[in-house]
Amino acid sequence: MASKTQNAQVDAKKVLEVVEDQFTTLQILNEEGEVVNEAAMPNLSDEQLQELMRRMVYTRILDQRSISLNRQGRLGFYAPTAGQEASQLASQFALEKEDFILPGYRDVPPIVWHGLPLYQAFLWSRGHFEGGQIPDGVNIAIPQIIIGAQYVQTAGVALGFKKRGVKAVALTYTGDGGTSQGDFYEGMNFAGAYKAPAIFIAQNNRFAISTPVEKQTAAKTLAQKAVAAGIPGIQVDGMDPLAVYAAVREARERAVNGEGPTFIETLTYRYGPHTMAGDDPTRYRTAELDNEWEKKDPLVRFRKFLEKKGLWNEEKENEVIEQAKEDIKEALKKADAAPKQKVTDLISITNTDLPYNLEEQYEIYKAKESK
Amino acid sequence: MAQMTMIQAITDAMRVELKNDPNVLVFGEDVGVNGGVFRATEGLQNEFGEDRVFDTPLAESGIGGLAVGLSLQGFRPVPEIQFFGFVYEVMDSISGQAARLRYRTGGKFNAPITFRSPFGGGVHTPDMHADSLEGLMAQQPGLKVVIPSTPYDAKGLLISSIRDNDPVIFLEHMKLYRSFRQEVPEGDYTIPLGKADVKREGTDISIITYGAMVHESLKAAEELEKEGFSAEVIDLRTVSPIDIETIIASVEKTGRAIVVQEAQKQAGVGANVVAEISDRAILSLEAPVLRVAAPDTIYPFPQAEAAWLPNYKDVIETAKKVLTF
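Residue numbers (the numbering used here), protein chains in the order written: chain A, 1 to 371; chain B, 1001 to 1325.
If you're looking for bench data, these hints aren't it; they were derived computationally from the structure. This structure is a prediction, so every number in the text was calculated from the model and none was measured. You can trust all of the hints, since none of them are fake.
Partner residues are not named here, just some residues of chain B that face chain A (Cβ under 7 angstroms, in silico): (1) Gly1106; (2) Gly1142; (3) Asn1165.
Glycine residues also receive a C-beta, built at the ideal position from the N, C-alpha and C atoms.
Sequences and hints are given; from them, build the entire structure.
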């Protein structure tokens, strides 16, 4: 027997539309480098604008060199960053030195610009413990390999700032795939419940290795996932450095004023493979999609914007490129000079006080190493 | 000195450390105003405020991440996992993160976190409350795993755990929480981690054990005494790292040994103790080192606990096999 038809208690379509309407994309610069949203324009000096461009160009070169150094066997694990310069660098640019960054495995550039010496970033890539010996006063964690773990830890770092009464924020990054993790949700929810000063960024480059974002979730935006934590969420054009900067700066403002965390989705694209460990994007991405996103290159639009203001030219750009190449060469030299790791080194850094088994094994390996 | 149950001794240890070090933070599910589901944190929020002793959302992984993050800010977190069966939700924060923080940063940072959690059978808890999962933790380099069996040990070991600069898993056996009282000194004292305790001296056989099985072993030792056998009972107290010196000195004296654990035979730390004895004292042994452990099934339904959990009778039976080998 057919059940009695009732009036629908939930207008499912409307519920979704009402949510989705809240998450339009913030854009300030279009692909031609024209300001399309004057009202949202961040307050940056000419010098700051030039510095941000300098960092973006520098990091594009760093990516190109890192890929070729990896191919030559001079670097190890490497996750390409080209295409994500606005998302990674404009977000870091909106921070202060006392702010703490918890990066994912692809987020080496933001921690380098936050103070990690380049040679240590190279040592981390190669797999050397000195890469993780973060200098005093540099407020970063080393890149997190377990996707989502950085999110729950960010809630803790942010709560720490709140408890210490320090006006600073903890900022973390994950990718689009990472938003499916439990820790992603728990991290934002904890920070929300404690009104902790945290900024959660999901860099949506549309692919988690080969899996398109449509296979991660039925949610129309990732930004709306903030709703589940009861915190503000915003979707920004992640190829637009000014929009990313404005969104992070505003989130930082809210956080240090005690208003709690924000979740930011940056719409971006990685031009290269997932990592240098044999990933081949032509297996899962079309040339059309690549072309579409290459037109959105953050460097191109920011260059046009600055050139129109008379703040950038080819000479400046070449200077940066030369500087980057020079620095990379120096950093490699320094990384090469790091002493070879010994088992006794690894034992020494495992515990503060060595347990009996490690004490014994230390002696065994010390004897081996002295042969 | 005061007469205390183990749970009171545990509360007292946290009180001492909250007072002693402003960086100590106690948090978890229902540890605040409620004082914990076992009253382990009773009165602490009242005394030290919500800033130091606080409730969390119901998410173990989030609790673990919170602890790691707070330790990056120089705090000394003492999070509680309500029952250790829920550790699966927070395995990454413990084994993948806290245990490796010092190593990953080349000694730059460390994670002085004490994860407190109840476990243990005999009190008819529902599924996933009583499982003995110390073996999982004992296999993770970077972690220490502590299991007290008396109020006195619990307080001194918990203070040491909180002061330790590396992560410690502090497991509290539910059946021992209130089963007896003991004289516990007021204020501050510590028991070194990694040090076993000879709970009873003997000359014929070494019984190496921990947790609730310490008391089963002591009971067995009394019975064995009546039959003319002198058993030495060693309470490991720290199951990772184990106290090799105390174990080997005892085995060299007695020439016979058994290892007694509540965990399944394929779990726990018994196999490691046997292996260490075989490596280091084979020439002193008159008989193989046998193990008393639970059967290799999933933890029993509550009504099957009595038939499943090892007890003093199993200890006597196994001890006799070794004594008459």
